[in-house]
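Participant: With full-length UniProt numbering applied, the sequence shown corresponds to residues 1 to 354, in that order.
Calculated directly from the structure, the hints in this document are not laboratory data.
One should not assume that every hint holds.
[Unchecked claim] With beta-carbon atoms standing in for the labels, derived distance ranges: (1) G209 - P79: 35 to 41 Å; (2) G241 - G94: 29 to 35 Å; (3) L275 - D298: 17 to 23 Å; (4) N85 - S274: 30 to 36 Å; (5) E82 - G103: 17 to 23 Å; (6) A138 - A92: 29 to 35 Å; (7) D260 - L149: 37 to 43 Å; (8) P242 - G209: 17 to 23 Å; (9) A92 - P173: 42 to 48 Å; (10) G103 - P294: 18 to 24 Å; (11) S309 - E194: 22 to 28 Å.
Cβ coordinates follow ideal geometry from the N, Cα and C atoms, glycine included.
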Amino acid sequence: MHGSTRTPGRYATSLARKVRGTDPVALRRATRTAEGGSRERTGDDHPTHPRRSRTMTEKRVGVEFPSKVGIWWNSEAWPIREAQNVARDIEALGFGSLFMPEGGGKDVLVESAAFLAATDRLVVGTGIANIHVRLPMAAETAGRTLSALHPGRFVLGLGVSHAPFVEQLVGNPYSKPLTTMRTYLERMDEVPAELESDGRALRLLAALGPKMIELSGELADGAHPYRVTPEQTRNTRSLLGPDRWIVSEQAVAIGGDEADQLRRAHEHLRLASSLPNYRNSWLRQGFDESDLVPGGSDRLARALVGMGSAEQAAESATAHLNAGADHVAVQLLLDTPTTDPRPALRALASALKL
Numbered sequence: 001m002h003g004s005t006r007t008p009g010r011y012a013t014s015l016a017r018k019v020r021g022t023d024p025v026a027l028r029r030a031t032r033t034a035e036g037g038s039r040e041r042t043g044d045d046h047p048t049h050p051r052r053s054r055t056m057t058e059k060r061v062g063v064e065f066p067s068k069v070g071i072w073w074n075s076e077a078w079p080i081r082e083a084q085n086v087a088r089d090i091e092a093l094g095f096g097s098l099f100m101p102e103g104g105g106k107d108v109l110v111e112s113a114a115f116l117a118a119t120d121r122l123v124v125g126t127g128i129a130n131i132h133v134r135l136p137m138a139a140e141t142a143g144r145t146l147s148a149l150h151p152g153r154f155v156l157g158l159g160v161s162h163a164p165f166v167e168q169l170v171g172n173p174y175s176k177p178l179t180t181m182r183t184y185l186e187r188m189d190e191v192p193a194e195l196e197s198d199g200r201a202l203r204l205l206a207a208l209g210p211k212m213i214e215l216s217g218e219l220a221d222g223a224h225p226y227r228v229t230p231e232q233t234r235n236t237r238s239l240l241g242p243d244r245w246i247v248s249e250q251a252v253a254i255g256g257d258e259a260d261q262l263r264r265a266h267e268h269l270r271l272a273s274s275l276p277n278y279r280n281s282w283l284r285q286g287f288d289e290s291d292l293v294p295g296g297s298d299r300l301a302r303a304l305v306g307m308g309s310a311e312q313a314a315e316s317a318t319a320h321l322n323a324g325a326d327h328v329a330v331q332l333l334l335d336t337p338t339t340d341p342r343p344a345l346r347a348l349a350s351a352l353k354l
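Just need the whole structure built from these sequences, with the hints factored in.
Facilitator: Structure, rendered in structure tokens:
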């Protein structure tokens, strides 16, 4: 097959162009049909997503989370070898995943490769990779490569980020995030199927509003809600239907007294409370302008951050699972970015009975 002058990928591309035109999603659909049979659902696709070709079977076997609860950790301030040691401990404690952001410090895909290499079963995900810092082809082929090297263990989370970061740090204009994301995903789908054909990363979108949530079901495998209540996870599930992934993030502040936990919660929300994407999300979730003061009101902080004992933090994570999330990634709010998370991780793992 590899010696053939006309590979399945070239044949499929030709067939797709002839039958489907130039639509990139149709191109991928025809490519997969020609290379091994249709993967389209025949009777139970979510009615608002007729163009999707990823099946419910793919949803359930595409990633194998060792447990329902994982960790969301910003490791950018840590030397990578020390961060790898933390990843090993996260796995040893029984957590199912490690998600990390891309905040302008380190390349999140390189970090993902390091954590995958350091562990055996842990699912590693980007929460999220900023689409403004790399070309669609680079994101797609990186995801395929990591998935081929570590089958069932990589999640490619993508997001449009926020205007101040994109305009000041990246130097790109920020406008029409929904259109920008759709175009990016369509260009990812145009990457030739024969490039790392053995890997396809599970693709999630940072989706807060209803239109981005719908897009996460149309051109991705689901959503990665961030800084949301369990009720918003429930709303996301109602929009996506049963056959898409939802991996929700839940921040928690454990250890110290109530005042200290509330302080950490407000600090966690301080920058976010100035960003339109989050402010609009919280208004849609039922909060009002009085909750959007710098750092958020106490009501907002208590709704978005699990506070109290490790057992109470575990309950806040479980609430997202009960609301329809497939998996929840817990973010520990610590005193500084270099604070060792492992004491809190051990307490949380014990409370969750991992």
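Participant: None of the hints should be skipped; say for each whether it holds.
Facilitator: Tested hints:
Separation of G209 from P79 is about 37 Å and conforms to the stated range, judged on CB atoms against 35 to 41 Å. The hinted range of 29 to 35 Å is satisfied by G241 and G94, whose Cβ atoms lie roughly 30 Å apart. A hinted range of 17 to 23 Å for the beta carbons of L275 and D298 is consistent with their spacing of about 20 Å. The hint said 30 to 36 Å for the Cβ distance between N85 and S274, and at roughly 35 Å that hint holds.
A beta carbon spacing of about 18 Å between E82 and G103 agrees with the range 17 to 23 Å that was offered as a hint. Taken as a hint, the range 29 to 35 Å holds for the pair A138 and A92, whose Cβ atoms sit roughly 32 Å apart. In this structure the supplied range 37 to 43 Å holds for D260 paired with L149, their Cβ-Cβ distance being about 42 Å. Between P242 and G209 the beta carbon distance is about 21 Å. The supplied range of 17 to 23 Å therefore holds.
Under the hint 42 to 48 Å, the C-beta atoms of A92 and P173, about 45 Å apart, fit the expected range. Between G103 and P294 the CB atoms are about 20 Å apart, so this pair conforms to the stated range of 18 to 24 Å. The hinted window of 22 to 28 Å between S309 and E194 is violated, with their beta carbons roughly 53 Å apart.
Hint compliance for this structure: hint 11 alone is broken.
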